[in-house]
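With these hints in hand, go ahead and build the complete structure from the sequences.
Quick mapping for you: the protein sequence lines, in order, are chains A and B. Throughout the first sequence, residue numbering follows the working numbering, covering 1 to 115 in sequence. Throughout the second sequence, residue numbering follows the working numbering, covering 1 to 113 in sequence.
Misleading hints may appear alongside valid ones.
If you want a taste of the chain A side facing chain B, the calculated C-beta under 8 angstroms gives, among others [said to hold, decoys possible]:
#	residue
1	Q44
2	L47
3	I49
4	R50
5	Y54
6	F68
7	F91
8	R95
9	N101
10	Q102
11	F103
12	G106
13	T107
14	G108
Everything labelled a hint here was simulated from the structure, so no lab data went into it. Note that the Cβ used here is the ideal one computed from N, Cα and C, for glycine as well.
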Amino acid sequence: AQTVTQSQPEMSVQEAETVTLSCTYDTSESDYYLFWYKQPPSRQMILVIRQEAYKQQNATENRFSVNFQKAAKSFSLKISDSQLGDAAMYFCAYRSANTGNQFYFGTGTSLTVIP
Amino acid sequence: DTGVSQDPRHKITKRGQNVTFRCDPISEHNRLYWYRQTLGQGPEFLTYFQNEAQLEKSRLLSDRFSAERPKGSFSTLEIQRTEQGDSAMYLCASSLTGLNEQFFGPGTRLTVL
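Now the structure itself:
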């Protein structure tokens with residue numbers, strides 16, 4: 001099974017600053033999708049950003065961008081101009097494009113935004 | 001609100017009792033997933049339905065767990081003879097064929113005493 005590793009259990013950032021959350025994954029497949037999900041306290045998970053492995057260009061969604069390094073199997077999330085509402089658990093997830101439909105999630109990074 | 005809904009949001013039960021959770025996906029979504037999330041962990045896949053057919057089951061889904069989606073709309077997850085190790089958040093997600101994104105519900109938090 002694919003494994004997703006988030007090596008930073010907790011991170012903090014000053015409001016308006018930039019923070020990068022790390023994610024690595026292990027797979028032998030060449031075609032897959034990667035995701036960052038946000039889970040605010042006591043609220044449901046929502047998709048922040050996704051990346052198709054066949055695309056070389058890094059995905060961007062407003063203040064959120066990724067650094068996708070396919071050879072290194074690395075998928076980091078950069079949050080620019082951090083806001084108090086960004087405080088949440090962030091989960092990196094992997095899904096194969098060809099085999100199965102399940103998502104594989106990392107253990108999460110808890111992000112604190114300091115006013 | 002037309003998102004994924006789950007009921008109940010919280011359930012406290014005694015060890016050995018049976019519990020059933022319900023998930024209502026986004027109405028046009030044909031795919032439905034169940035995950036379990038324990039404290040400090042990411043969601044772990046339990047099972048997946050496409051319409052009413054259960055197509056994938058994790059090895060985590062012991063014979064005490066059963067899931068159904070009888071009409072291809074809502075789904076139920078039943079845990080028989082609950083154990084303390086079953087205490088977790090049970091998440092439901094739905095998706096549509098061709099979409100890569102899953103939409104998650106708020107979860108049902110189960111506490112087994």
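Checklist entry - Among the hints numbered above, which are violated by the structure, and what are their numbers in rising order? => result 3, 5, 6
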